[in-house]
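J.: Sequence:
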Amino acid sequence: MEGTALIITNGYFMLNDAKTAHGLVRGTERYKIAGVIDHKCAGKDAGEVLDGKHRDIPVFESLDQALKTLNYKVDFGIIGVATHGGYLPDELLKVVKSFLENGISIVNGLHDLVSNRIEMRELAEKNGCKIYDIRKPRTFNELHFWTGKIKEVVAPKIAVLGTECAIGKRTTARMLTQSTKKYGLKSEMIYTGQTGWLQGGKYGFIFDCTPNDFISGEIENAIYNCYKEANPDIIFVEGQSALRNPSGPCGSEFLLSGKMDGVILQHQPTRLYFDDEEEYGKLPEIEEEIALIKMYGVKTLAITLNTYGLAPNEIKEVQKEYAERTGIPVILPLQEGVDEITELLKKVFML
3 MEGTALIITN
13 GYFMLNDAKT
23 AHGLVRGTER
33 YKIAGVIDHK
43 CAGKDAGEVL
53 DGKHRDIPVF
63 ESLDQALKTL
73 NYKVDFGIIG
83 VATHGGYLPD
93 ELLKVVKSFL
103 ENGISIVNGL
113 HDLVSNRIEM
123 RELAEKNGCK
133 IYDIRKPRTF
143 NELHFWTGKI
153 KEVVAPKIAV
163 LGTECAIGKR
173 TTARMLTQST
183 KKYGLKSEMI
193 YTGQTGWLQG
203 GKYGFIFDCT
213 PNDFISGEIE
223 NAIYNCYKEA
233 NPDIIFVEGQ
243 SALRNPSGPC
253 GSEFLLSGKM
263 DGVILQHQPT
273 RLYFDDEEEY
283 GKLPEIEEEI
293 ALIKMYGVKT
303 LAITLNTYGL
313 APNEIKEVQK
323 EYAERTGIPV
333 ILPLQEGVDE
343 ITELLKKVFM
353 L
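FYI, the numbering for the sequence shown is 3 to 353, going by this note's numbering.
What the hints contain is simulated information worked out from the structure, not anything from laboratory work. In this text, a Cβ means the ideal position worked out from N, Cα and C, and glycines have one as well. Don't take every hint at face value.
Under the rule of at most 25 Å between Cα atoms (straight-line distance), these lysine-lysine pairs were calculated in the BS3-like manner [stated by the list, open to error]: (1) Lys34 - Lys70; (2) Lys183 - Lys284; (3) Lys55 - Lys42.
Label pairs and their calculated CB-CB ranges [what the hints assert, rightly or not]: (4) Lys349 - Ser117: 44 to 52 Å; (5) Lys349 - Tyr275: 14 to 22 Å; (6) Leu258 - Glu50: 40 to 48 Å; (7) Gly45 - Asn143: 17 to 25 Å; (8) Ala293 - Arg119: 41 to 49 Å; (9) Lys151 - Gly45: 49 to 57 Å; (10) Asn143 - Gly186: 35 to 43 Å; (11) Gln337 - Asp278: 45 to 53 Å; (12) Gly5 - Tyr275: 22 to 30 Å.
I would like the entire structure built from these sequences, with the hints used as guidance.
T.: Take a look at the structure:
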(Lines of atoms letter the chains of each structure in order from A and count residues from 1; the text may use other names and numbers.)
(Lines give C-alpha, C1' and ligand atoms only; values in the text may rest on other atoms or scores of the structure.)
Protein backbone atom coordinates (compact mmCIF):
# COMPACT_ATOMS: atom_id res chain seq x y z
CA MET A 1 0.00 0.00 0.00
CA GLU A 2 2.60 2.54 -1.06
CA GLY A 3 2.22 5.16 -3.78
CA THR A 4 0.84 8.62 -4.44
CA ALA A 5 -2.14 9.78 -2.40
CA LEU A 6 -4.64 12.58 -2.00
CA ILE A 7 -5.92 13.28 1.51
CA ILE A 8 -9.68 13.73 1.84
CA THR A 9 -10.86 16.19 4.50
CA ASN A 10 -13.76 17.96 2.74
CA GLY A 11 -14.07 20.99 5.01
CA TYR A 12 -12.53 19.46 8.14
CA PHE A 13 -8.87 20.31 7.51
CA MET A 14 -8.71 23.26 9.91
CA LEU A 15 -10.36 21.27 12.73
CA ASN A 16 -8.90 18.86 15.27
CA ASP A 17 -10.95 16.13 13.58
CA ALA A 18 -8.42 16.20 10.73
CA LYS A 19 -5.53 15.01 12.89
CA THR A 20 -4.85 12.13 10.47
CA ALA A 21 -4.48 14.62 7.63
CA HIS A 22 -2.28 16.84 9.80
CA GLY A 23 0.05 13.95 10.56
CA LEU A 24 0.35 12.99 6.90
CA VAL A 25 1.03 16.58 5.85
CA ARG A 26 3.82 16.76 8.43
CA GLY A 27 5.38 13.57 7.11
CA THR A 28 4.93 10.00 5.93
CA GLU A 29 7.32 7.37 4.62
CA ARG A 30 4.49 5.25 3.20
CA TYR A 31 2.96 7.66 0.67
CA LYS A 32 3.85 10.55 -1.59
CA ILE A 33 1.20 13.12 -0.67
CA ALA A 34 -0.04 14.80 -3.86
CA GLY A 35 -2.48 17.16 -2.14
CA VAL A 36 -5.52 17.62 0.07
CA ILE A 37 -9.17 17.78 -1.01
CA ASP A 38 -10.84 20.50 1.06
CA HIS A 39 -13.07 23.19 -0.40
CA LYS A 40 -12.76 25.50 2.63
CA CYS A 41 -9.04 26.16 2.17
CA ALA A 42 -8.60 25.39 -1.52
CA GLY A 43 -5.84 27.24 -3.34
CA LYS A 44 -3.51 27.27 -0.34
CA ASP A 45 -0.55 25.14 0.70
CA ALA A 46 -1.62 22.53 3.27
CA GLY A 47 1.51 23.05 5.36
CA GLU A 48 0.96 26.79 5.56
CA VAL A 49 -2.66 26.27 6.59
CA LEU A 50 -1.59 23.76 9.25
CA ASP A 51 1.32 25.50 10.94
CA GLY A 52 2.69 28.18 8.63
CA LYS A 53 5.35 25.94 7.02
CA HIS A 54 5.25 25.59 3.23
CA ARG A 55 5.40 21.90 2.29
CA ASP A 56 4.47 22.02 -1.40
CA ILE A 57 1.22 20.13 -0.76
CA PRO A 58 -1.61 21.95 -2.57
CA VAL A 59 -5.19 22.03 -1.32
CA PHE A 60 -7.74 21.36 -4.07
CA GLU A 61 -11.39 22.22 -4.11
CA SER A 62 -12.39 18.85 -5.56
CA LEU A 63 -11.03 15.60 -6.95
CA ASP A 64 -11.78 16.81 -10.47
CA GLN A 65 -9.60 19.88 -9.95
CA ALA A 66 -6.80 17.76 -8.50
CA LEU A 67 -6.81 15.29 -11.39
CA LYS A 68 -6.80 18.12 -13.96
CA THR A 69 -3.87 19.82 -12.18
CA LEU A 70 -1.62 16.87 -11.36
CA ASN A 71 0.45 15.36 -14.13
CA TYR A 72 0.86 11.93 -12.56
CA LYS A 73 -1.33 9.04 -11.45
CA VAL A 74 -2.96 9.09 -8.03
CA ASP A 75 -3.06 5.65 -6.39
CA PHE A 76 -4.96 6.30 -3.17
CA GLY A 77 -7.49 8.57 -1.53
CA ILE A 78 -6.90 8.62 2.23
CA ILE A 79 -9.75 9.65 4.51
CA GLY A 80 -7.91 12.18 6.67
CA VAL A 81 -10.43 12.77 9.43
CA ALA A 82 -11.18 11.05 12.71
CA THR A 83 -14.78 11.97 13.43
CA HIS A 84 -16.37 11.61 16.86
CA GLY A 85 -17.48 7.99 17.14
CA GLY A 86 -15.67 7.09 13.92
CA TYR A 87 -18.66 7.54 11.61
CA LEU A 88 -18.42 8.51 7.94
CA PRO A 89 -20.56 11.62 7.21
CA ASP A 90 -22.69 11.56 4.07
CA GLU A 91 -20.94 14.56 2.51
CA LEU A 92 -17.56 12.85 2.97
CA LEU A 93 -18.93 9.59 1.58
CA LYS A 94 -19.85 11.40 -1.66
CA VAL A 95 -16.22 12.40 -2.12
CA VAL A 96 -15.08 8.84 -1.38
CA LYS A 97 -17.49 7.62 -4.06
CA SER A 98 -15.96 9.98 -6.62
CA PHE A 99 -12.52 8.47 -5.96
CA LEU A 100 -13.80 4.94 -6.57
CA GLU A 101 -15.58 6.11 -9.72
CA ASN A 102 -12.20 7.34 -10.98
CA GLY A 103 -10.48 4.04 -10.19
CA ILE A 104 -8.59 5.37 -7.15
CA SER A 105 -8.33 3.06 -4.14
CA ILE A 106 -9.62 4.26 -0.77
CA VAL A 107 -7.79 4.01 2.56
CA ASN A 108 -10.16 4.45 5.49
CA GLY A 109 -9.18 4.66 9.14
CA LEU A 110 -12.69 5.16 10.57
CA HIS A 111 -14.78 2.58 12.42
CA ASP A 112 -17.46 3.11 9.77
CA LEU A 113 -16.17 0.65 7.16
CA VAL A 114 -16.50 1.70 3.52
CA SER A 115 -16.35 -1.94 2.43
CA ASN A 116 -19.57 -2.65 4.34
CA ARG A 117 -21.46 -0.68 1.67
CA ILE A 118 -22.48 -2.82 -1.29
CA GLU A 119 -22.49 0.15 -3.68
CA MET A 120 -18.92 1.03 -2.76
CA ARG A 121 -17.68 -2.53 -3.12
CA GLU A 122 -19.28 -2.78 -6.55
CA LEU A 123 -17.75 0.52 -7.64
CA ALA A 124 -14.28 -0.59 -6.56
CA GLU A 125 -14.63 -3.90 -8.41
CA LYS A 126 -16.00 -2.24 -11.54
CA ASN A 127 -13.20 0.34 -11.72
CA GLY A 128 -10.28 -1.88 -10.75
CA CYS A 129 -9.44 -0.35 -7.40
CA LYS A 130 -9.61 -1.45 -3.77
CA ILE A 131 -11.00 -0.42 -0.40
CA TYR A 132 -8.64 -0.67 2.57
CA ASP A 133 -10.47 -0.38 5.90
CA ILE A 134 -7.48 -0.32 8.22
CA ARG A 135 -9.60 -0.24 11.39
CA LYS A 136 -11.21 -3.54 10.50
CA PRO A 137 -10.68 -5.77 13.55
CA ARG A 138 -8.16 -8.59 13.20
CA THR A 139 -9.13 -12.19 13.81
CA PHE A 140 -8.58 -13.92 17.14
CA ASN A 141 -5.62 -15.89 15.76
CA GLU A 142 -3.81 -12.68 14.81
CA LEU A 143 -4.01 -11.17 18.31
CA HIS A 144 -1.70 -11.59 21.29
CA PHE A 145 -2.30 -12.01 25.00
CA TRP A 146 0.08 -10.58 27.60
CA THR A 147 2.81 -13.08 28.58
CA GLY A 148 5.38 -11.18 30.63
CA LYS A 149 8.06 -11.29 27.92
CA ILE A 150 8.18 -7.48 28.12
CA LYS A 151 10.58 -7.99 31.04
CA GLU A 152 13.22 -9.09 28.52
CA VAL A 153 13.23 -5.63 26.91
CA VAL A 154 16.07 -3.68 28.49
CA ALA A 155 16.07 -0.67 26.16
CA PRO A 156 14.42 2.39 27.78
CA LYS A 157 10.72 2.62 26.90
CA ILE A 158 9.23 6.12 26.92
CA ALA A 159 5.47 6.67 26.67
CA VAL A 160 4.28 9.93 25.15
CA LEU A 161 1.02 10.36 27.07
CA GLY A 162 -1.34 13.31 27.11
CA THR A 163 -3.84 15.02 29.34
CA GLU A 164 -6.41 14.83 26.52
CA CYS A 165 -7.22 13.50 23.03
CA ALA A 166 -5.97 15.10 19.81
CA ILE A 167 -3.32 17.38 21.28
CA GLY A 168 -0.21 16.08 19.49
CA LYS A 169 1.02 12.94 21.24
CA ARG A 170 1.82 11.14 17.99
CA THR A 171 3.55 14.18 16.49
CA THR A 172 5.75 14.58 19.56
CA ALA A 173 6.59 10.85 19.60
CA ARG A 174 7.56 11.01 15.93
CA MET A 175 9.68 14.13 16.51
CA LEU A 176 11.47 12.44 19.42
CA THR A 177 12.23 9.41 17.27
CA GLN A 178 13.69 11.63 14.57
CA SER A 179 15.64 13.75 17.06
CA THR A 180 17.27 10.80 18.81
CA LYS A 181 18.28 9.33 15.44
CA LYS A 182 19.89 12.67 14.57
CA TYR A 183 21.94 12.30 17.76
CA GLY A 184 23.20 8.91 16.58
CA LEU A 185 20.87 6.72 18.64
CA LYS A 186 19.00 3.73 17.23
CA SER A 187 15.42 4.65 18.10
CA GLU A 188 12.02 3.28 17.15
CA MET A 189 8.44 4.43 17.61
CA ILE A 190 5.56 2.11 18.45
CA TYR A 191 2.46 3.42 16.68
CA THR A 192 -0.91 2.76 18.31
CA GLY A 193 -3.27 4.53 15.92
CA GLN A 194 -4.13 4.44 12.25
CA THR A 195 -2.20 7.62 11.47
CA GLY A 196 1.04 6.17 12.80
CA TRP A 197 0.62 3.24 10.43
CA LEU A 198 -0.25 5.57 7.55
CA GLN A 199 2.93 7.51 8.24
CA GLY A 200 4.93 4.33 7.66
CA GLY A 201 5.27 2.90 11.16
CA LYS A 202 6.81 -0.58 11.19
CA TYR A 203 6.06 -1.63 14.76
CA GLY A 204 2.72 -1.22 16.50
CA PHE A 205 -0.99 -1.90 16.28
CA ILE A 206 -4.24 0.04 15.97
CA PHE A 207 -5.58 0.44 19.49
CA ASP A 208 -9.13 1.43 18.55
CA CYS A 209 -9.97 -1.80 16.71
CA THR A 210 -8.38 -4.18 19.22
CA PRO A 211 -10.62 -6.05 21.70
CA ASN A 212 -9.94 -4.98 25.26
CA ASP A 213 -8.69 -8.42 26.34
CA PHE A 214 -5.79 -8.14 23.90
CA ILE A 215 -4.71 -4.51 24.38
CA SER A 216 -2.05 -5.41 26.97
CA GLY A 217 -0.73 -8.24 24.82
CA GLU A 218 -0.59 -6.12 21.68
CA ILE A 219 1.37 -3.42 23.51
CA GLU A 220 3.80 -6.00 24.81
CA ASN A 221 4.12 -7.83 21.50
CA ALA A 222 4.78 -4.67 19.48
CA ILE A 223 7.50 -3.49 21.88
CA TYR A 224 9.04 -6.97 22.16
CA ASN A 225 9.19 -7.52 18.39
CA CYS A 226 10.65 -4.06 17.91
CA TYR A 227 13.35 -4.77 20.50
CA LYS A 228 14.26 -8.21 19.14
CA GLU A 229 14.28 -7.21 15.46
CA ALA A 230 15.60 -3.63 15.48
CA ASN A 231 17.74 -3.72 18.66
CA PRO A 232 17.04 -0.05 19.43
CA ASP A 233 18.77 2.07 22.03
CA ILE A 234 15.44 3.64 23.00
CA ILE A 235 11.75 3.05 22.19
CA PHE A 236 9.00 5.68 22.09
CA VAL A 237 5.38 4.58 22.49
CA GLU A 238 2.55 6.70 21.12
CA GLY A 239 -0.14 7.22 23.76
CA GLN A 240 -3.89 7.33 23.18
CA SER A 241 -6.63 9.46 24.73
CA ALA A 242 -5.84 10.28 28.40
CA LEU A 243 -5.81 8.54 31.75
CA ARG A 244 -8.99 10.27 32.89
CA ASN A 245 -10.90 11.02 29.70
CA PRO A 246 -14.34 9.51 30.45
CA SER A 247 -15.16 8.93 26.76
CA GLY A 248 -12.15 6.62 26.40
CA PRO A 249 -9.81 6.41 29.39
CA CYS A 250 -6.40 5.11 28.36
CA GLY A 251 -2.82 5.19 29.51
CA SER A 252 -2.52 2.72 32.37
CA GLU A 253 -2.13 -0.10 29.84
CA PHE A 254 1.01 1.51 28.43
CA LEU A 255 2.46 2.22 31.87
CA LEU A 256 1.80 -1.25 33.29
CA SER A 257 1.68 -3.73 30.43
CA GLY A 258 4.48 -1.99 28.54
CA LYS A 259 6.54 -1.44 31.71
CA MET A 260 7.40 2.14 30.78
CA ASP A 261 10.64 3.67 32.04
CA GLY A 262 9.50 7.26 31.66
CA VAL A 263 6.75 9.54 30.38
CA ILE A 264 6.73 12.64 28.21
CA LEU A 265 3.43 14.39 28.97
CA GLN A 266 1.71 16.40 26.24
CA HIS A 267 -0.63 19.16 27.36
CA GLN A 268 -2.72 21.93 25.79
CA PRO A 269 -3.19 24.79 28.29
CA THR A 270 -6.19 26.24 26.43
CA ARG A 271 -8.17 22.98 26.44
CA LEU A 272 -10.57 23.21 29.39
CA TYR A 273 -12.84 20.18 29.03
CA PHE A 274 -12.43 16.60 27.87
CA ASP A 275 -13.35 16.34 24.18
CA ASP A 276 -14.20 20.07 24.39
CA GLU A 277 -17.52 19.08 26.02
CA GLU A 278 -18.32 20.75 29.33
CA GLU A 279 -20.51 17.85 30.45
CA TYR A 280 -17.52 15.48 30.14
CA GLY A 281 -15.78 17.34 32.94
CA LYS A 282 -12.81 19.67 33.35
CA LEU A 283 -9.31 18.54 32.59
CA PRO A 284 -7.30 18.00 35.77
CA GLU A 285 -4.45 20.27 36.66
CA ILE A 286 -1.21 19.00 35.18
CA GLU A 287 0.32 18.52 38.65
CA GLU A 288 -2.46 16.02 39.42
CA GLU A 289 -1.76 14.10 36.23
CA ILE A 290 1.95 13.93 37.00
CA ALA A 291 1.13 12.65 40.50
CA LEU A 292 -1.22 10.01 39.06
CA ILE A 293 1.45 8.79 36.64
CA LYS A 294 3.86 8.56 39.57
CA MET A 295 1.36 6.34 41.41
CA TYR A 296 1.77 3.89 38.55
CA GLY A 297 5.48 3.87 39.32
CA VAL A 298 6.64 5.98 36.36
CA LYS A 299 8.30 9.38 36.38
CA THR A 300 7.27 12.24 34.08
CA LEU A 301 10.55 13.40 32.56
CA ALA A 302 9.31 16.39 30.55
CA ILE A 303 6.17 18.28 29.57
CA THR A 304 5.49 19.18 25.94
CA LEU A 305 3.02 21.96 25.21
CA ASN A 306 0.52 22.25 22.39
CA THR A 307 0.16 26.02 22.11
CA TYR A 308 -3.08 26.09 20.10
CA GLY A 309 -5.20 29.07 21.16
CA LEU A 310 -2.33 30.98 22.78
CA ALA A 311 -1.33 34.37 21.43
CA PRO A 312 2.33 34.52 20.25
CA ASN A 313 3.25 36.82 23.15
CA GLU A 314 1.70 34.38 25.67
CA ILE A 315 3.56 31.21 24.69
CA LYS A 316 6.89 31.81 26.46
CA GLU A 317 5.10 33.12 29.54
CA VAL A 318 2.94 29.98 29.77
CA GLN A 319 6.00 27.77 29.20
CA LYS A 320 7.81 29.47 32.09
CA GLU A 321 4.74 29.21 34.33
CA TYR A 322 4.43 25.44 33.83
CA ALA A 323 8.14 24.93 34.42
CA GLU A 324 7.95 26.86 37.69
CA ARG A 325 4.79 25.05 38.79
CA THR A 326 6.08 21.53 38.13
CA GLY A 327 9.87 21.75 38.38
CA ILE A 328 10.00 19.70 35.16
CA PRO A 329 11.46 20.76 31.76
CA VAL A 330 8.72 22.24 29.56
CA ILE A 331 9.27 22.08 25.81
CA LEU A 332 7.49 23.60 22.80
CA PRO A 333 7.88 20.89 20.13
CA LEU A 334 6.57 22.80 17.12
CA GLN A 335 8.41 26.02 17.97
CA GLU A 336 11.65 24.71 19.50
CA GLY A 337 11.95 21.09 18.43
CA VAL A 338 12.62 18.33 20.96
CA ASP A 339 16.44 18.11 20.99
CA GLU A 340 16.45 19.29 24.62
CA ILE A 341 14.45 16.20 25.57
CA THR A 342 16.85 13.99 23.61
CA GLU A 343 19.76 15.42 25.58
CA LEU A 344 17.84 14.81 28.81
CA LEU A 345 17.09 11.19 27.85
CA LYS A 346 20.73 10.56 26.96
CA LYS A 347 21.74 11.78 30.40
CA VAL A 348 19.01 9.98 32.38
CA PHE A 349 19.52 6.61 30.65
CA MET A 350 23.26 7.03 29.97
CA LEU A 351 22.79 6.51 26.23
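J.: All the hints need checking, so say for each whether the structure fits it.
T.: Against the structure, the hints:
1. Lys34 - Lys70: Holds, at about 18 Å.
2. Lys183 - Lys284: violated (37 Å)
3. Lys55 - Lys42: Holds, at about 19 Å.
4. Lys349 - Ser117: 44 to 52 Å: Holds, at about 49 Å.
5. Lys349 - Tyr275: 14 to 22 Å: For Tyr275 against Lys349, whose Cβ atoms are near 37 Å apart, the range 14 to 22 Å is violated.
6. Leu258 - Glu50: 40 to 48 Å: Cβ of Leu258 to Cβ of Glu50: about 42 Å, so the range 40 to 48 Å holds.
7. Gly45 - Asn143: 17 to 25 Å: Since the Cβ atoms of Gly45 and Asn143 sit about 49 Å apart, the hinted range of 17 to 25 Å is violated.
8. Ala293 - Arg119: 41 to 49 Å: Holds: the Cβ-Cβ distance is about 47 Å, inside 41 to 49 Å.
9. Lys151 - Gly45: 49 to 57 Å: holds (52 Å)
10. Asn143 - Gly186: 35 to 43 Å: At roughly 40 Å between Cβ atoms, Gly186 and Asn143 fall inside 35 to 43 Å, so the hint holds.
11. Gln337 - Asp278: 45 to 53 Å: violated (23 Å)
12. Gly5 - Tyr275: 22 to 30 Å: For Tyr275 against Gly5, whose Cβ atoms are near 40 Å apart, the range 22 to 30 Å is violated.
Going down the numbered hints, you'll see the structure goes against 2, 5, 7, 11 and 12, while the others check out.
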